[in-house]
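Protein sequences, first through last, are from chains A and B. Under my numbering, the letters of the first sequence match residues 198 to 749, in that order. Under my numbering, the letters of the second sequence match residues 173 to 373, in that order.
Heads up, some of the hints might be wrong.
[What the hints assert, rightly or not] Derived pair list, reagent style DSS-like, types lysine-lysine, alpha-carbon separation capped at 25 Å:
id: 1; chain 1: B; residue 1: 219; chain 2: A; residue 2: 252
id: 2; chain 1: B; residue 1: 309; chain 2: A; residue 2: 669
id: 3; chain 1: A; residue 1: 252; chain 2: B; residue 2: 327
id: 4; chain 1: B; residue 1: 327; chain 2: A; residue 2: 267
id: 5; chain 1: A; residue 1: 353; chain 2: A; residue 2: 342
id: 6; chain 1: A; residue 1: 252; chain 2: B; residue 2: 337
id: 7; chain 1: B; residue 1: 337; chain 2: A; residue 2: 267
id: 8; chain 1: B; residue 1: 327; chain 2: A; residue 2: 532
id: 9; chain 1: B; residue 1: 337; chain 2: A; residue 2: 532
id: 10; chain 1: B; residue 1: 337; chain 2: A; residue 2: 240
id: 11; chain 1: A; residue 1: 557; chain 2: A; residue 2: 384
id: 12; chain 1: A; residue 1: 669; chain 2: B; residue 2: 327
[To be verified] Pairwise CB distance ranges, derived in the manner of DEER restraints:
id: 13; chain 1: A; residue 1: 467; chain 2: B; residue 2: 219; range: 35 to 41 Å
id: 14; chain 1: B; residue 1: 262; chain 2: A; residue 2: 282; range: 23 to 29 Å
id: 15; chain 1: B; residue 1: 243; chain 2: A; residue 2: 281; range: 47 to 53 Å
id: 16; chain 1: B; residue 1: 323; chain 2: A; residue 2: 434; range: 37 to 43 Å
id: 17; chain 1: B; residue 1: 312; chain 2: A; residue 2: 278; range: 39 to 45 Å
id: 18; chain 1: B; residue 1: 310; chain 2: A; residue 2: 251; range: 33 to 39 Å
id: 19; chain 1: B; residue 1: 250; chain 2: A; residue 2: 467; range: 55 to 61 Å
[Claimed, not checked] Computed list of chain B residues with no C-beta within reach of chain A, every gap over 12 Å:
id: 20; residue: 215
id: 21; residue: 276
id: 22; residue: 312
No wet-lab data here; the hints were simulated from the structure. All of these numbers come straight from a predicted model, not from anything done at the bench. Heads up, the beta-carbon is just placed ideally off N, CA and C, and yes, glycines get one too.
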Amino acid sequence: MQDRYDVIVVGTGAGGATAAYVLTLAGARVLNLEAGRMLDPVKDFHTHTWPWELKFRGFGPPGEYDGLWKINEYTAHLYTNPRKDRYRSDPAFHWTRLRAVGGRTNTWGRACFRHGPLDFKTKSLQGFGEDWPIGYEDIAPYYDKVERLVGIVGAKDNYFNMPDGIYCGPPHKPRCGEVLLMERARKIGVPVLLERTAVLSVPYDGRPACHYCGACGHGCDVRARFSTLDAVIPKLRKRPNYTLRTNATVYQVLTDENGRAAGVSFFDSLTKEYYEVRSRAVVLAASTVESGRIMLNSRSRHHPNGIGNSSGLVGRYLMDSVKSGAVVGVLPLLKNRVREDEDGAGGAHVTIPRFNYNRKDNYYGGYFILCGTGFGRGVSSAGGITGWGAALKRQIRQEYGATLSLRAYGERLPDYHNYFEIDPDNKDAYGIPQVRFHWRESDNDRKMMEDMYGWMEEILRACGAERVVPYKKYLEPMGDATHEAGTARMGTDPKTSVLNPFCQSHDVKNLFVTDASCFVSLPGTHGITTLIMALAWRAAEYLAEQLRKGEI
Amino acid sequence: MSENVSRRQLLYEAAAATLSGTLGVQAAQHVHRAVTQQRRAARGPYKPRYFNPHEWRTLARLTDLIIPADEHSPGALAAGAPEFIDLLCRHNVELAAMYTGGLAWLDREMERRYGKNFVDAAPEQQTALLDLIAYRKNDSPELAPGIRFFDWLRKMTVDAYYTSKVGIADLGYQGNVGMTEFNVPEEAIQYALRRSPFGGE
Numbered sequence: 198m199q200d201r202y203d204v205i206v207v208g209t210g211a212g213g214a215t216a217a218y219v220l221t222l223a224g225a226r227v228l229n230l231e232a233g234r235m236l237d238p239v240k241d242f243h244t245h246t247w248p249w250e251l252k253f254r255g256f257g258p259p260g261e262y263d264g265l266w267k268i269n270e271y272t273a274h275l276y277t278n279p280r281k282d283r284y285r286s287d288p289a290f291h292w293t294r295l296r297a298v299g300g301r302t303n304t305w306g307r308a309c310f311r312h313g314p315l316d317f318k319t320k321s322l323q324g325f326g327e328d329w330p331i332g333y334e335d336i337a338p339y340y341d342k343v344e345r346l347v348g349i350v351g352a353k354d355n356y357f358n359m360p361d362g363i364y365c366g367p368p369h370k371p372r373c374g375e376v377l378l379m380e381r382a383r384k385i386g387v388p389v390l391l392e393r394t395a396v397l398s399v400p401y402d403g404r405p406a407c408h409y410c411g412a413c414g415h416g417c418d419v420r421a422r423f424s425t426l427d428a429v430i431p432k433l434r435k436r437p438n439y440t441l442r443t444n445a446t447v448y449q450v451l452t453d454e455n456g457r458a459a460g461v462s463f464f465d466s467l468t469k470e471y472y473e474v475r476s477r478a479v480v481l482a483a484s485t486v487e488s489g490r491i492m493l494n495s496r497s498r499h500h501p502n503g504i505g506n507s508s509g510l511v512g513r514y515l516m517d518s519v520k521s522g523a524v525v526g527v528l529p530l531l532k533n534r535v536r537e538d539e540d541g542a543g544g545a546h547v548t549i550p551r552f553n554y555n556r557k558d559n560y561y562g563g564y565f566i567l568c569g570t571g572f573g574r575g576v577s578s579a580g581g582i583t584g585w586g587a588a589l590k591r592q593i594r595q596e597y598g599a600t601l602s603l604r605a606y607g608e609r610l611p612d613y614h615n616y617f618e619i620d621p622d623n624k625d626a627y628g629i630p631q632v633r634f635h636w637r638e639s640d641n642d643r644k645m646m647e648d649m650y651g652w653m654e655e656i657l658r659a660c661g662a663e664r665v666v667p668y669k670k671y672l673e674p675m676g677d678a679t680h681e682a683g684t685a686r687m688g689t690d691p692k693t694s695v696l697n698p699f700c701q702s703h704d705v706k707n708l709f710v711t712d713a714s715c716f717v718s719l720p721g722t723h724g725i726t727t728l729i730m731a732l733a734w735r736a737a738e739y740l741a742e743q744l745r746k747g748e749i
Numbered sequence: 173m174s175e176n177v178s179r180r181q182l183l184y185e186a187a188a189a190t191l192s193g194t195l196g197v198q199a200a201q202h203v204h205r206a207v208t209q210q211r212r213a214a215r216g217p218y219k220p221r222y223f224n225p226h227e228w229r230t231l232a233r234l235t236d237l238i239i240p241a242d243e244h245s246p247g248a249l250a251a252g253a254p255e256f257i258d259l260l261c262r263h264n265v266e267l268a269a270m271y272t273g274g275l276a277w278l279d280r281e282m283e284r285r286y287g288k289n290f291v292d293a294a295p296e297q298q299t300a301l302l303d304l305i306a307y308r309k310n311d312s313p314e315l316a317p318g319i320r321f322f323d324w325l326r327k328m329t330v331d332a333y334y335t336s337k338v339g340i341a342d343l344g345y346q347g348n349v350g351m352t353e354f355n356v357p358e359e360a361i362q363y364a365l366r367r368s369p370f371g372g373e
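Taking the hints into account, I'd like the entire structure generated from these sequences.
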């Protein structure tokens, strides 16, 4: 690591690995820093483990993970324990951190629906928020490139405002309950589409097709689902102009006498030793919150409020999908079925896309609905069980595989008052100041929530639910959808945005941010990962060109 | 047609194509499991770490009542439900306090009704009380603590049972194996959509 690098890329997840990939292939000397360790899919992903093989039956010690649902006994060793690296939030914000090569692409939801023209122009076409400085036509060619890299299966549905993508294989076939949902929901005008997912149905790019064990949320031991760990980083490590440095927790972006980015400082995550490393340009893609944290912590004479923060907007307009609780119905039509292996490709094989385009609602934006059905590995105690004894046992047996659960994820309007900032009283194990979160539920969130629960119940009734498990209407804490975005938004005016349309800092020309920080809106469309990658690809291509021309 | 492939075979093939050392890990896990089972057998019956002997007897009886063995499968005791609850109580003080309080409430209530604590009362006396506290419709200021406690106890017993080998077998779960294709038989779909006796259409 003695050389001077062209570019330092911070992070190896969706945004970081993509930027590193494009820059490396363009010939730049790239140093890719990752705060966590290298993972081994066979040892680190407990894909086939049975719950009884684990001390706490898969749940983990009670209360241990502060309600962060992705963290459980199968995955806890991958994630940052919120009780060991604490942060403050008011009210509770769910911040799910995975520090390892591949970042959160190791355990992501894998849905890859494209965002459409309306999503980039919320103000001019839908009357709220701000327009992105780019449109769908700018990003479409990069979606093409990303989808070829990722390997997505799906069907071309020609659905409104959700353009079809490039699919390497056929969609996974729907489960029995999903067929029922498709047929019944259609009758009340609710569309159900086959999932467009980054879980292979055919071998692709040297990776095998899915073997349908259904445990993608624990990571995939055979690499059938896309992660940057499995599908991008190995390609880069073969290149002499790419260097991966793991266990490097970045502290600050360093600046030169003119206030330009000169490199970064980091702590070795294991020894806590301090390092500085230099480059011509710096790309931050450490996840939305961590990239903003690095910027805010990079204070200097030239950048008293943090690097790239002359607008004061770094950390502001924090978004995450508006996420409802689950609504569960028992469908008599599915009772007492012959048992089948319905594990499938982890999660639903269908999705209910945003469907309120032609309606006059009392709120802005829209939402999609995730569906859960099938003979799962065990049953959940959450679903309204009652009574005791033989009758209880019989009821559970009868209703096993006969439930349909729905959960809605909606558009979060950008709000200046939803933000994170540096917490003056809290530092992490390396002495790096931590962030704290502030947010509030808006009137729009609550009105959308009412609509979500109303429709979810109606869909269950349409499927013939004999019983909808009693539920309370509520929204999950912000962050729970792990779709954090928007805290270094892109725009053309340096006073109202942090980055330009190429994810380049308005203030510091050789500083780029290529994760979801640049988002201007967070639509109710299923999947943001390929959008992050498309934006990162476009930014990295632009940066490579600037480097080639000697302008950076 | 879907073809089932054993997990090991699948991992082996994946390993041959892409990774090395897979079988070593699998074999090591297998040995580890076998050793753990032998150690467990050598240790004799489980000794509760949180509950006192009386509480332990009561808890075991309750979980057995909630999910009994039947002609179909073993019950909560075989699934290690009391052991699971003991483990969780050792790790969480709020949970532990709830169990101590809940079990004491049950004993007081049984004493008041029948002059005996819960576990020593006659089976029909025990089940009479469960018939009251197992349903929210019976909620009253008098029964509220019992109903709240029983709700937790039932949830945790259900969680323990359906994460155990016998519980998952009871459901008839077919998965956690490799398949080369995912197909739901047309027969199953036709059953659900057209012929289910529960459909009423």
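* Asked: Would residue 276 of chain B pass as off the interface with chain A, using Cβ distances and a cut of 12 Å?
  -> Check passes; 20 Å lies beyond 12 Å.
* Pairwise beta carbon distance, residue 250 of chain B to residue 467 of chain A, judged against the given window 55 to 61 Å -> violated (45 Å)
* Is the hinted pair residue 353 of chain A and residue 342 of chain A satisfied, with a Cα-Cα distance of at most 25 Å? -> Distance of about 17 Å is within 25 Å: holds.
* Verify that the Cβ of residue 215 of chain B lies farther than 12 Å from every Cβ atom of chain A, and report whether the claim holds or is violated. => holds (16 Å)
* Asked: Are the Cα positions of residue 557 of chain A and residue 384 of chain A separated by 25 Å at most?
  -> Judged against 25 Å, a Cα distance of about 20 Å means the pair holds.
* Taken at face value, is the distance from the CA of residue 669 of chain A to the CA of residue 309 of chain B at most 25 Å? -> holds (18 Å)
* Does residue 669 of chain A pair with residue 327 of chain B here, judged by a C-alpha cut-off of 25 Å? -> Answer holds: residue 669 of chain A to residue 327 of chain B is near 18 Å, not above 25 Å.
* Satisfaction of the hinted span 47 to 53 Å by the C-beta atoms belonging to residue 243 of chain B and residue 281 of chain A -> holds (48 Å)
* Taking 25 Å as the top limit, are the C-alpha atoms of residue 337 of chain B and residue 532 of chain A close enough? -> holds (23 Å)
* Asked: Holds or violated: residue 219 of chain B with residue 252 of chain A, Cα cutoff 25 Å?
  -> Holds, because 16 Å separates the two Cα atoms, which is no more than 25 Å.
* To do: With a cut-off of 25 Å on the C-alpha distance, tell me whether residue 337 of chain B and residue 240 of chain A pass.
  => holds (23 Å)
* Take the C-alpha atoms of residue 252 of chain A and residue 327 of chain B, compute the straight-line distance between them, and say whether it is at most 25 Å. => The hint holds at about 18 Å.
Figure legend: structure checked against the earlier numbered hints; hints not met, in rising order: 16 and 19.
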